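Asks: Construct the complete structure from the given sequences, taking the supplied hints into account.
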Amino acid sequence: MSPLFLPLFLLSLLPHTYSISAPSFPLSTNSRWIVDSTGQRVKLACVNWAAHLEPVAAEGLSKQPVDFVAKKVADLGFNCVRYTWAVQMVTNASVGSITLRESLVQLGLNESVAGVSVNNPKLLDLSLIQVYQEVVAALSRSNLMVILDNQLSKPSWCCSRYDGDGFFGDKYFDTDEWLSGLKIIATMFNSTPNVVGMSLRNELRGPNQNLTLWYRYMQEGAEVVHSANPNLLVILSGLDYDKDLSFLQLKQPTLSFTNKLVYEFHWYGFSDGGDWENGNPNNVCASVVKSTLLRVGFLLEQGWPLFLSEFGFDQSGTHLADNRYLTCFMSITAEWDLDWALWALQGSYYLREGQVACDESYGLLTWDWCKARNPSFVKRISALQSPLQGPGLSNKKPYNLIFHPLTGLCVVMDSSSKPLQLGSCADLRAWNYTSDGKLVVKGTSYCLQSVNVGKNVKIGTDCSKPNSKWELVSNSSMHISSKLDKNGTLLCLDVGSDGTIITNRCKCLSENGTCNPESQWFKIILSNRNLTRGDSNIELPFFGRWLSKLLSLGSWREYYSVEGANGLRI
1 MSPLFLPLFL
11 LSLLPHTYSI
21 SAPSFPLSTN
31 SRWIVDSTGQ
41 RVKLACVNWA
51 AHLEPVAAEG
61 LSKQPVDFVA
71 KKVADLGFNC
81 VRYTWAVQMV
91 TNASVGSITL
101 RESLVQLGLN
111 ESVAGVSVNN
121 PKLLDLSLIQ
131 VYQEVVAALS
141 RSNLMVILDN
151 QLSKPSWCCS
161 RYDGDGFFGD
171 KYFDTDEWLS
181 GLKIIATMFN
191 STPNVVGMSL
201 RNELRGPNQN
211 LTLWYRYMQE
221 GAEVVHSANP
231 NLLVILSGLD
241 YDKDLSFLQL
251 KQPTLSFTNK
261 LVYEFHWYGF
271 SDGGDWENGN
281 PNNVCASVVK
291 STLLRVGFLL
301 EQGWPLFLSE
311 FGFDQSGTHL
321 ADNRYLTCFM
331 SITAEWDLDW
341 ALWALQGSYY
351 LREGQVACDE
361 SYGLLTWDWC
371 KARNPSFVKR
381 ISALQSPLQG
391 PGLSNKKPYN
401 LIFHPLTGLC
411 VVMDSSSKPL
421 QLGSCADLRA
431 WNYTSDGKLV
441 VKGTSYCLQS
451 VNVGKNVKIG
461 TDCSKPNSKW
471 ELVSNSSMHI
481 SSKLDKNGTL
491 LCLDVGSDGT
501 IITNRCKCLS
511 ENGTCNPESQ
521 WFKIILSNRN
531 LTRGDSNIEL
541 PFFGRWLSKL
551 LSLGSWREYY
561 SVEGANGLRI
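Straight run, no breaks: the sequence shown in the UniProt record's numbering ends on number 570.
No lab work stands behind these hints, which were simulated from the structure alone. These figures come from a predicted structure and were not determined experimentally. Don't be surprised by glycine CBs; every beta carbon is placed ideally from N, CA and C. One or more hints might be untrue.
[Stated by the list, open to error] 25 Å max Cα-Cα, derived BS3-like pairs, lysine-lysine:
1. K469 - K507
2. K486 - K465
3. K418 - K371
4. K371 - K438
5. K458 - K469
6. K507 - K458
7. K507 - K486
8. K455 - K442
9. K397 - K455
10. K507 - K455
11. K418 - K465
12. K483 - K458
13. K418 - K442
14. K465 - K442
15. K438 - K396
16. K483 - K455
17. K469 - K455
18. K418 - K438
19. K465 - K438
20. K486 - K455
21. K122 - K371
22. K122 - K171
23. K122 - K72
24. K483 - K442
25. K458 - K438
26. K486 - K469
27. K154 - K171
28. K154 - K183
29. K397 - K371
30. K483 - K469
31. K397 - K438
32. K72 - K371
33. K418 - K458
34. K183 - K171
35. K442 - K396
[Said to hold, decoys possible] Pair by pair, the computed Cβ-Cβ distance ranges are:
36. G164 - P193: 32 to 40 Å
37. T434 - T489: 16 to 24 Å
38. T318 - D368: 15 to 23 Å
39. P193 - Y172: 26 to 34 Å
40. T318 - Q355: 44 to 52 Å
Replies: The structure is reproduced here in structure tokens:
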């Protein structure tokens, strides 16, 4: 079953969105959670909207009215936009003070001028800084939160290791100019409630990166933003294209504030070191998750909010490696209940790396910005757009969900007499995964049992039988298996052609990369939000077994001593 083009019965299931009131601003942090002024968890489910390339304007203004785009983002279930900017927009008058018309004309983009004159005529003769502000206003009208993200200093496509704009002191990365730009932008939106945070710098990188300068300038930048606008979350990126924050195990930044600090990281299939196309997906997913835990995941255990500010994939659905990466990504993002931002909103660019009207294969929207490029992905990601854990969701103790990352759905039970099936994660009975390996329906004595190869699982009352014990048997920890009988016949949860939950022989436990186990990948995750069905008090451990297992081995120190943090100087 292809991860992106799912059977019709799945496409017909529109997952319910968990209903939660609009946040009360400003936002702050409470341990690893972002919360509103009432203390309730606010989950950032964002999409990146680029405005940092050579035109120095939000992409797509030539394709659709800005209010149409903002409403489309909200209609697709996102509550937030990570909106990019280049330092020179606000520090160089020859850049930010020219009009949008002038910017496009000087780049030879006459067709884009014509498009803006039709779709956003009121913006065409505003300065680029004013256009930037107008887009934020449109996002506010659609009740979308905004994270302002400084991508780079000189407007261009990001990012190259040797572009001279990757680290403090590089050719185009003047630190005083950067600090000035942070202050200007933070002050500019001081009275704009929906602007909730600022990312200080995107994807620090290059041969000059080192920890001494990271601590010096990230601390200075954070204090500048907080002083200019104390309502903002201050978001700090890591090193090596924002893949590595492992050095924070040794030392945290010294700041005058604490409850506004968030860390961000990026995770793409093409950059995570996994052999998604050729390797056994179970082994690759396990390896990538382990690396991610060591580099960034420990921050959750330490009580710091962690924002996955960029992830993305080829939305055509034809890229095997991206498809496998995405399913692994879905499982971990659900298990950790991360705040996240998809790259990218834009279906096309005015100009990217010399190509006019360039199509964005990672774009949420189509080339003409009219609709979602991949409707099945929109339905799939909806399960991750609402919070699963955190303060203020309910007064219930945590319980388990059985999440299917290939579809973004969960195992649902209507009654003990009907087959279990996939359905909305917001409308189901919860489970308790017990210490002795039983999956018990929350608030009952019923447990999940295997029957035979290709047969529907059942709910039974005699939970002492071998077919009532479920173990995680693959390296990915996503094969939920049961021994059918005393002979040890091993069966794994799977999805039938009609969407019901069955068991089959376990796939890809040892096979090579030609095997596809994704239909059998299930993740037992935690939640404490209110459900429409099921109610009991269940004590469960923290957000997953991976983190405690790795941290108990002290493996972060082992990793750091071997790989260094990519040879960076401490």
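Asks: Under the constraints set out in the numbered hints, which ones does this structure not fulfil?
Replies: Violated hints: 3, 4, 9, 22, 29, 40; rest satisfied.
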